[in-house]
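Start counting at 1 in the sequence shown, then tack on 7, and there's your number in the numbering used here.
Treat the hints as calculated values from the structure; they're not laboratory data. Every residue, glycine too, gets a C-beta built ideally from N, C-alpha and C. Watch out, some of these pointers could steer you wrong.
[What the hints assert, rightly or not] Derived CB-CB ranges, DEER-like: (1) N11 / L72: 25 to 35 Å; (2) K53 / E24: 20 to 30 Å; (3) V13 / S50: 33 to 43 Å; (4) K16 / K64: 16 to 26 Å; (5) N9 / E42: 35 to 45 Å; (6) N9 / G37: 40 to 50 Å.
[Said to hold, decoys possible] Here are the simulated DSS-like cross-link-like pairs (lysine-lysine), alpha carbons at most 25 Å apart as the crow flies: (7) K64 / K53; (8) K16 / K63; (9) K46 / K63; (10) K53 / K19; (11) K45 / K64; (12) K46 / K16; (13) K46 / K64; (14) K19 / K63; (15) K53 / K63; (16) K16 / K64; (17) K45 / K16.
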Amino acid sequence: MNFNTVIDKAIKSFWLEISIVTKSMRLDSGLNQCELGKKLTPSLSKSTISAREEGKKPIPAHQFLMFCFICGFAFEKINKQELENQHQYPDKK
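Sequences are here, hints too, so could you generate the full structure?
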């Protein structure tokens with residue numbers, strides 16, 4: 008496995024973790040995708056929120072911080088096992 012392949016896999020894994028956390032925050036806050044999208048500046052569509060939660064579209068750092076603020080997320084609340092139970096990882100090859 009070459010260096011670029013390792014880096015590509017690491018980046019994809021990072022974005023997948025961010026997407027899992029984003030969905031978990033939204034669910035814990037009781038917001039649906041439309042409600043969260045409207046609270047963001049600029050606002051985002053339900054389909055964009057969905058794509059980001061599924062890891063299909065990366066979340067810019069500033070928007071991730073806005074997600075945290077809007078959803079009232081405190082980093083000490085995170086439980087990795089709960090996050091893994093909410094999201095099925097694709098096969099790792």
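Cross-check of the supplied hints:
1. N11 / L72: 25 to 35 Å: holds, 29 Å
2. K53 / E24: 20 to 30 Å: holds, 22 Å
3. V13 / S50: 33 to 43 Å: Because 37 Å falls inside the window, the suggested range holds.
4. K16 / K64: 16 to 26 Å: Since K16 and K64 have Cβ atoms about 18 Å apart, the given range 16 to 26 Å holds.
5. N9 / E42: 35 to 45 Å: holds, 44 Å
6. N9 / G37: 40 to 50 Å: holds, 45 Å
7. K64 / K53: holds, 13 Å
8. K16 / K63: Roughly 14 Å between the alpha carbons, so the hint for K16 and K63 holds.
9. K46 / K63: Given pair K46, K63 holds - Cα atoms ~21 Å apart, limit 25 Å.
10. K53 / K19: holds, 22 Å
11. K45 / K64: This hinted pair holds, its Cα atoms lying about 18 Å apart.
12. K46 / K16: violated, 32 Å
13. K46 / K64: Holds, at about 19 Å.
14. K19 / K63: This hinted pair holds, its Cα atoms lying about 10 Å apart.
15. K53 / K63: Judged against 25 Å, a Cα distance of about 14 Å means the pair holds.
16. K16 / K64: Given that 25 Å is the threshold and the Cα spacing comes to 15 Å, the pair holds.
17. K45 / K16: violated, 32 Å
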